[in-house]
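Asks: What follows is each chain in one-letter form.
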Amino acid sequence: MERKTKINAEDDKQELVITREFDLPLELLFKAYVDPEIVEQWMGTKVLKLENKKHGSYQFETTDPKGNKHRFNGTIHEFSPNEKITRTFEMENTPFGVQLEFLEFEKLTDDTSKLKMHTVFRSAAQRDQILQLPFAQGINLAHNRLQDIVSKLK
Amino acid sequence: MEARRDVFQAIADPTRRAILTLVALQAMTAGAIADKFDSSRQTISKHIQILTECQLLEQEQSGREMYYHFNPNKMKEIAEWLVPFAKMWDDRFNKLETIMKKYKK
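If you're matching them up, the sequences are chains A and B in order.
Each residue of the first sequence is one higher than the one before, counting from 1 in the numbering used here.
Each residue of the second sequence is one higher than the one before, counting from 155 in the numbering used here.
Isolated chain B, as found in the complex:
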């Protein structure tokens, strides 16, 4: 059984992040994406497949071409997952601020 695609694993790869960065700017075909990289088309195609499987990319047929769009909603989920570390410090610093305001005269 194939392991379920993990969205965090998907963005852990620098090439896949580069693909997301490109496609975030404008929808692109697989060929246009591959042209931006030195890697083989097959390699890029595999990366696109992984990104699509975990819904970071969405496909849309336009005429004969298949375009890939960036799915910001999926990315937002990741951003939220990334928040705990920031939140830990934010909470601490908020507390610090509240405590120290008592000393303020």
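Isolated chain A (complex conformation):
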């Protein structure tokens, strides 16, 4: 089974790129990122604050299966409707530090669109650590040759 979401995390790099094509017009894809009620539904988080503008900020809160609450927040550096959002992301009360996210929204056809999420971490080690969190176990393998062989087995 092929996933529509592609993740590229090259070895020893402090970045991660996630791309996904949607069966949605660009405007609807973008709306899913800016409308708090919609964000809550697909991210599975409570939106405490979401200011969609340059110098704005956001704060979300998730509740894990044990009932513990986790908050994360960031500042919005660039906000171009239907085009891009540049923002920071930080999990509160964790040692992971801040990461920088570049979200690029692209129209493919009238009914399809694409999202590219480029995340930059402070270091490659920090990236790998974050990818290996229990809720976000990771990839640190980008040997396409091997992956090609593996994918043919599926």
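Simulated from the structure, these hints should not be mistaken for laboratory data.
The structure presented is a predicted model; accordingly, all values stated were derived computationally and were not measured.
Ideal Cβ placement from N, Cα and C applies to all residues, glycine included.
Errors might be hidden in some of the hints.
As a list, the in silico DSSO-like pairs of lysine-lysine whose alpha-carbon atoms are at most 30 Å apart [claimed, not checked]:
no., chain 1, residue 1, chain 2, residue 2
1, A, Lys6, B, Lys255
2, B, Lys241, A, Lys66
3, A, Lys49, B, Lys249
4, A, Lys116, B, Lys241
5, B, Lys200, A, Lys84
6, A, Lys54, B, Lys249
7, B, Lys241, A, Lys31
8, B, Lys249, A, Lys107
9, B, Lys255, A, Lys84
10, B, Lys249, A, Lys69
If we take Cβ atoms under 10 Å as the criterion, some of the chain B residues that face chain A in the derived model are [claimed, not checked]:
no., residue
11, Pro168
12, Thr169
13, Arg218
14, Tyr221
15, Trp243
16, Asp244
17, Glu251
Following the hints, position chain B against chain A.
Replies: This is chain B only, laid out in the frame that chain A set:
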């Protein structure tokens, strides 16, 4: 007691991944693998041993030579282990798509 070989630890090393990439193309002897690297034969031999112990490589005797094959099934296990992060985002995006289709007119 020696720690059990961990397959994830095995692929965490760049030289071992390079070995896997080579052997994935064709079965090779330990000597032929070592020729591709600047490291000593002993070093490469140790890497091959680790990869064999965790079953990423399989040995096959052919005449007087011992060939190493890549075991894609073992690699597949790793690929599946690596999936959760991708799955988390895939699930979220699938949900996003489903939700937004309601707004589609």
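Asks: Indicate, hint by hint, whether the structure satisfies it.
Replies: So, going through the hints one by one against the coordinates:
1. A:Lys6 with B:Lys255: Between Lys6 (chain A) and Lys255 (chain B) the Cα gap is close to 21 Å, so the pair holds against 30 Å.
2. B:Lys241 with A:Lys66: holds (21 Å)
3. A:Lys49 with B:Lys249: holds (21 Å)
4. A:Lys116 with B:Lys241: Distance of about 16 Å is within 30 Å: holds.
5. B:Lys200 with A:Lys84: violated (49 Å)
6. A:Lys54 with B:Lys249: Since the Cα atoms of Lys54 (chain A) and Lys249 (chain B) sit roughly 27 Å apart, the hinted pair holds (cutoff 30 Å).
7. B:Lys241 with A:Lys31: This hinted pair holds, its Cα atoms lying about 23 Å apart.
8. B:Lys249 with A:Lys107: holds (20 Å)
9. B:Lys255 with A:Lys84: Roughly 21 Å separates the two Cα atoms, so the pair holds.
10. B:Lys249 with A:Lys69: holds (22 Å)
11. Pro168: The hint holds - Pro168 (chain B) has a Cβ within 10 Å of chain A, the shortest such distance being about 7 Å.
12. Thr169: violated (12 Å)
13. Arg218: Not OK, violated: Arg218 (chain B) not within 10 Å of chain A, min 29 Å.
14. Tyr221: Violated, about 18 Å.
15. Trp243: It holds, given that the least Cβ distance between Trp243 (chain B) and chain A is near 5 Å, below 10 Å.
16. Asp244: holds (4 Å)
17. Glu251: Interface hint status for Glu251 (chain B): holds (5 Å vs cutoff 10 Å).
Checked against the numbered hints listed earlier, the structure breaks hints 5, 12, 13 and 14; every other hint is satisfied.
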